[in-house]
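Going line by line, the protein sequences match chains A and B. Sequential numbering from 1 applies to the first sequence in our numbering. Sequential numbering from 1001 applies to the second sequence in our numbering.
Be careful, since some hints might not be right.
What the hints assert, rightly or not - Computed list of lysine to aspartate or glutamate pairs in DMTMM-like fashion (alpha-carbon distance at most 25 Å, straight line):
#	chain 1	residue 1	chain 2	residue 2
1	B	1070	B	1005
2	B	1101	A	22
3	B	1069	B	1053
4	B	1056	A	59
5	B	1056	B	1015
6	B	1101	B	1015
7	B	1026	A	85
8	B	1106	A	59
9	B	1101	B	1005
10	B	1106	A	85
11	A	79	A	96
12	B	1026	A	22
13	B	1070	A	71
14	B	1101	B	1017
15	B	1026	B	1083
16	B	1056	B	1007
17	B	1106	A	96
18	B	1101	B	1053
19	B	1070	A	22
20	B	1026	A	59
21	B	1070	B	1055
22	B	1101	A	96
23	B	1101	A	59
These aren't lab readings, by the way, just hints derived from the structure by calculation. Remember, predicted model here, so these are calculated numbers, not experimental data.
So you can see what is in the structure, the chains are spelled out below.
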Amino acid sequence: SQTIHQWPATLVQPVGSPLSLECTVEGTSNPNLYWYRQAAGRGLQLLFYSVGIGQISSEVPQNLSASRPQDRQFILSSKKLLLSDSGFYLCAWRWDRGSPLHFGNGTRLTVT
Amino acid sequence: SQQGEEDPQALSIQEGENATMNCSYKTSINNLQWYRQNSGRGLVHLILIRSNEREKHSGRLRVTLDTSKKSSSLLITASRAADTASYFCARLLNSGGSNYKLTFGKGTLLTVNP
Chain A
1 SQTIHQWPAT LVQPVGSPLS LECTVEGTSN PNLYWYRQAA GRGLQLLFYS VGIGQISSEV
61 PQNLSASRPQ DRQFILSSKK LLLSDSGFYL CAWRWDRGSP LHFGNGTRLT VT
Chain B
1001 SQQGEEDPQA LSIQEGENAT MNCSYKTSIN NLQWYRQNSG RGLVHLILIR SNEREKHSGR
1061 LRVTLDTSKK SSSLLITASR AADTASYFCA RLLNSGGSNY KLTFGKGTLL TVNP
């Protein structure tokens, strides 16, 4: 069966510090991978998605970047965090556009 | 907005009662998906209904889709305290050419009181 791992679960970082959140998927190959952000009491905002190694699409201009160095690894990064980067970050995967998403447990990021 | 909305934003019921949540959208969809999120956790997929389907069941869950009204509903029967969570609908839209986008609403917070 397929599993998705996302870490860390919580993170407190000062403004201006770098960020690296990692997500890995097991039990499948060539998944479509996604990073979402969820603000308190809000829906999910798609940040990045990837359909293959090295292929990254960005949905909104922002202070973040994403990379997919391996087939089942998706990394969310920032060189300098802003207060507005605080939120709940969720990684997800699916086989194709017609199939449901499978989410990790999320990372609660607080930028102070 | 193409996202549409869930309705109501919050719903509080007693254990054993049925809970109905609605989802509306504005543009044609390929499919519509319902997800559940427990507080502080990731989303869990519940049911996917395609645009040519009208109703689907899974255990105590029933989803309907009315493409003429551009709306869907999620019914949870015989609710339990463990059903307390936020419920989201997500619409798969064609965003141009072969590109498809899955767009989430803000969700309905369901509280089931024991």
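For each hint given before, does the structure comply? Return the numbers of the non-compliant ones in rising order. Violated hints: 4, 6, 7, 11, 12, 13, 14, 15 and 19; rest satisfied.
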